[in-house]
Structures are given as structure tokens and as C-alpha cells.
Amino acid sequence: MSNKPMIDRYKWYEVVGIYAGIALFLFFVLAPFIEGFMVSLKPLSALFSSPYSFWPKNGSLTAYFTMWESVPGFWRYIANSMFISSVATIVVLILVVPAAYAFARFPFPGRGALLGAFLAVNMFSGAVLLIPLFRLMRSLGLLNTYFAMIVPGVAFLIPTAIWLLRTYMMRIPRELDEAAWVDGASRLYTLRRVILPIAMPGIIVVAITTFIGAYAQQFIFALTFNSKTEFMPLPIGLFAYFGRQEVVWNELMAASFVGITPVLILIVFLQRYLVAGLTAGAVKQ
Amino acid sequence: MTGSRNASLFAFALLAPALLYIIGIVAYPLVDTVNLSFTNAALRPTYDWVGGANYEKIFRANFEQVIIRTFVWTFFSVLFKMVIGTLGAVMLNAAVPGRALFRILTMPPWIVPMAIGIFMWGWMYNGQFGMISGLLQNFGLVDGPVAWLAYGDTAFWATIVTDVWIGVPLVTIYLLAAMQSIPRDLYEAAWTDGAGRLYRFRRITLPMIIPALVTMSMLSLIATFNSFDIIWILTRGGPSGSTTTMIIDTYRVAIGSYKYGEGAARAVMICIFLSLFCLAYFRVVGKINTGEKA
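Order-wise, the sequence lines are chains Y and L.
Following our numbering, the numbering of the first sequence begins with 121 at its first residue and continues without gaps.
Following our numbering, the numbering of the second sequence begins with 35 at its first residue and continues without gaps.
Just so you know, these hints were derived from the structure itself, not from any lab.
The C-beta atom is built at its ideal place from N, Cα and C for all residues, glycine as well.
Check each hint, because a few of them may be wrong.
What the hints assert, rightly or not - Examples of chain L residues lying across from chain Y (beta carbon under 10 Å, computed):
1. 47
2. 84
3. 121
4. 130
I would like the entire structure built from these sequences, with the hints used as guidance.
Okay, structure coming up:
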């Protein structure tokens with residue numbers, strides 16, 4: 121405490137107040153996860169008993185073993201989720217890297233309006249466009265395939281990705297392009313050999329945020345455009361299980377935890393990039 | 035290399051793939067929605083133009099109630115997100131040990147697949163065995179079990195709480211970033227002049243984050259208005275329509291009952307409201323930006 125600047129010193133009651141506030145705030149944010157974890161440890165008989173007890177009595181990890189049989193294809197759901205998110209991320213990057221470069225560098229006519237049009241896509245959720253998208257997927261013969269979930273999903277990931285990457289690329293000094301240009305490099309060569317390597321950290325941030333967005337948002341398209349169990353992503357696979365008459369809650373929670381572990385690990389390692397990605401376009405440079 | 039026609043052509047070539055994609059998957063469906071809203075399209079392959087009949091029909095079906103409900107739901111959800119998010123950001127911005135960890139702990143609801151977080155809320159709202167009813171009973175705050183999702187009123191607020199829960203991390207982290215980008219000199223100067231913590235918050239922090247607050251409120255408004263997963267998983271719009279927002283209503287009519295035409299008319303109504311929000315957003319943001327530059 122003592123080597124802190126004076127301005128950052130708090131009186132003891134201020135510190136207590138701040139920690140109490142943060143505790144309350146984090147309780148709200150984390151309560152469902154804590155409760156979900158407790159539930160996953162409780163045997164079913166303890167789960168369906170009153171009075172309510174927060175701590176699991178006779179807690180065990182049984183649900184984490186039995187769920188593999190109760191949720192058949194659980195691995196498949198996780199693999200599907202990963203696959204859908206990965207393909208979506210790759211497609212987004214292929215579309216967005218050149219577009220972001222165009223927006224960041226070239227003062228072509230209608231640039232502002234076009235950027236606005238891209239961002240306006242964020243305004244619509246998939247739900248609004250569901251009917252024509254359903255007809256479109258049907259006429260393309262994509263219903264009940266992975267593409268029924270990937271193709272519409274990508275469209276809604278593009279705007280944010282363009283915005284983030286454009287902001288990043290605008291920070292790359294223009295002199296680099298110009299030097300390459302003077303040396304006789306073509307524009308495409310400049311993009312590939314000069315800009316791409318420098319923009320790589322930004323591209324990685326965009327890839328991560330896109331992947332997480334794709335992983336987090338798998339619901340409505342998968343719910344509506346796919347009915348084949350073998351293609352279902354995790355949220356829908358669990359939702360089908362959730363919708364059954366007798367929900368085996370401890371196993372559902374155990375399955376949920378196993379399913380979200382990859383993203384939770386990602387947060388710990390990549391939160392710096394996530395915050396950078398989120399705030400790049402947002403807070404004024 | 036600036037300004038040449040060649041450069042513009044190159045830029046358009048770079049943009050073309052993304053642009054075509056959006057035209058195919060968003061713009062064309064949007065036009066198609068408007069088009070379908072004037073037809074009696076359904077499961078059968080052919081359909082006819084019916085003029086404004088769908089719009090007449092939805093307003094005869096008390097659609098204005100759904101609109102009002104959607105606005106009330108959205109208003110309270112956004113309000114709570116902004117208030118809790120601002121408070122959270124202020125606390126996480128305090129220079130106390132552990133704040134890096136606290137920031138990470140704020141993120142899960144935002145990062146984890148939405149549906150999975152909602153399953154957990156589904157259990158918490160369970161009347162017989164869920165945490166909320168259980169803890170309230172243990173503390174003697176309610177007499178018997180409360181099945182939060184079984185009654186119209188409580189289901190309405192329960193879905194709002196879950197929506198707030200999902201939205202709060204983004205608001206918090208966004209506002210926190212805005213607060214951290216405020217130059218420290220401002221605070222130090224005020225502090226040297228003897229300004230207290232509360233005064234510094236009111237006179238420096240708050241005015242400096244207003245643009246971020248406005249941006250976030252508008253983005254949050256649009257996202258909340260579009261909120262689907264939470265209500266669909268928790269209540270599917272029930273009990274007896276008490277959580278049926280415009281999106282849920284559209285989904286039930288269009289996908290649940292295969293009435294594409296009527297569903298499309300509802301979707302068009304949603305788009306009209308969203309466009310109004312967007313216009314308002316650009317006006318407000320434009321004002322703030324020009325105000326700042328001046």
C-alpha cells in the first residue's frame with residue numbers, strides 16, 4: 121500500500137465498501153455457474169429434496185461419468201460446435217481481411233456509406249430474417265447440413281470483424297504501403313507481403329473474438345435450420361436433452377461444464393486480447 | 035497512390051466478396067421479408083399477393099400488446115444493464131489489489147455459449163428445488179416455493195434478470211475501458227486542487243464516459259430488442275403469452291405455425307422499430323462527436 125501514489129490510497133472503510141460491492145457484483149455474475157457446479161456434484165435424490173441446501177451433501181463426480189451415456193453423442197456435439205465455429209471464423213477472415221484493408225486505406229467514393237451499411241447488419245438479429253433465410257437455405261439445399269448453420273452465422277459475424285480489423289489497420293503507418301509502392305510492388309503484393317504480416321496480431325484478435333462469437337451464438341440457426349442430431353452443436357444438443365420430460369439436472373449441468381471448459385480456459389489466457397478487441401473500435405483513439 | 039481511379043477499383047475488388055456475401059445473406063432476405071409480408075406464403079409452394087391483409091390481421095390479434103410488452107421488457111433490461119454495468123465498471127476501476135482477476139471473473143456470461151448459461155438460470159428459477167426460491171425460503175423471506183417461470187409477472191421479470199445477466203459483462207468491460215482511457219492528469223490536477231473522490235467522479239469520470247454510455251445504451255437497446263434465446267429457452271413466450279416479445283411472436287407464427295406471410299409482416303414491424311433506433315443512434319452519436327470536436 122505504502123508505495124502507491126497518494127491519489128490511489130483508500131481509507132479502510134472505502135476498501136471494505138469496494139470489496140463488498142465487487143463481491144455482490146461478482147456473485148450476480150457467477151451465481152449460475154456456482155449453482156450449476158454444485159448441482160453437477162449432487163446426486164439426483166439430493167437435488168430433488170427440500171429444504172434447499174446449497175452445499176452438496178454426499179457430493180460426487182458421478183454425473184461427470186454417467187452423462188457420457190445419458191447424453192449420447194456428447195463428444196459429437198462439442199466437436200460440431202468447434203467445427204462450425206472454426207469454419208465460420210475462417211470464412212469470416214477470408215472475407216474481412218481484404219475488406220478491412222480497403223476501408224482502412226483507400227478513400228474510394230461511398231466509403232462512409234458502405235461502412236455504415238456493413239455496421240447496420242448488426243442491427244438485425246437472425247430471428248428477423250429467419251423466414252427468407254429458411255427459404256434460401258431450402259432452395260440451396262443446405263437445410264440439415266453444417267452449412268445451414270455456418271452460412272447465416274458468418275454474415276452476422278462480418279460487421280464487427282471488419283470494424284475491429286479496420287481500426288487496427290488504420291494504425292499501420294501509411295509510409296509502409298507507399299514505400300512498397302515506390303519500390304514497384306503491386307497493390308496485391310503489398311497487401312500480402314507488407315500489410316498482412318504487420319497486421320497479424322490484429323488478425324489474431326479478430327479471429328479469437330469471431331470464434332468466441334460463433335461459439336457463443338450457436339442457437340437460433342441451429343434450432344431452425346437443422347434437425348439432424350449428428351450435426352447439432354452443443355447448445356442445441358443439450359437443449360434437446362433439456363426439453364425432455366424428466367431432466368436429469370445433475371448430468372445436464374455436468375455436461376454444460378465440460379462443454380464450456382474450453383472457452384473458460386480461453387478467457388484466462390486471452391482476456392487481454394478480448395478486451396483489446398472489444399474496445400479497439402469503441403473507445404476513441 | 036491516393037485518389038487515383040485505379041486505387042478505387044482495387045478497393046472495390048477487395049470489398050466485393052464481403053459485400054456480395056452480405057447482399058446475399060442479409061440484404062436479399064430483408065427485401066424478401068418485406069415482399070413476403072404482403073403475401074399469404076405458407077408451407078405450400080405457391081402463394082398470392084394479399085396486400086395489407088397480414089398487417090390488418092396482426093393488429094386485430096392484439097399485436098399492440100406485444101409491442102408494448104416488448105418495449106417495457108427492453109426498457110427495463112437496458113436500464114438495469116447500464117446501471118449495474120456502470121456500477122461494476124466504477125468498482126473494477128478502483129485501484130485495489132485483485133482487480134485484474136475480478137475483470138476476468140466478470141466475463142463468463144458473455145463468453146460462454148448463451149444457451150448454456152440460460153440452462154443454469156432455468157434450474158435456478160425452479161420453484162421446488164432451485165437456488166433462488168430455496169435460498170429465499172431458507173432465509174424465511176418467502177413462505178413456500180416460488181416457481182418463478184410459472185406465473186406471468188414473475189416470468190416477465192425473471193427473463194429480464196437473465197437478459198441483464200448476459201448483457202452486463204459487455205457493458206462493464208466497455209465502460210471500464212472508457213474509464214481507463216481518461217487521462218490521469220485530469221484526476222491528479224483535480225486531486226491537487228483538493229477535489230474529493232465523489233467530486234472527481236461527478237466532474238471528470240461521468241462527463242468523459244458519456245459518449246461511451248450513449249453508444250453502449252444504443253447497442254444494448256438493439257441487442258435487447260432482438261433478444262430471442264433467453265425467452266425461448268426459459269419460457270417460449272409463456273405462461274399465456276406474458277413473455278411473448280415481438281421476436282418470440284414472429285418466431286412462433288412464422289416457424290412454429292408455418293405462416294410465413296404473417297410472420298414476415300411481424301418481422302417488418304421489428305425492422306421498422308430497429309431502423310428508428312438506429313436513426314436515433316446516429317443522430318445522438320453525431321451530436322456528441324461534433325460537439326466534442328468543436
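Quick rundown of the hints versus the structure:
no. : hint : verdict
1   : 47   : holds, 8 Å
2   : 84   : violated, 16 Å
3   : 121  : holds, 7 Å
4   : 130  : holds, 6 Å
The structure does not agree with numbered hint 2 stated previously, though it agrees with all others.
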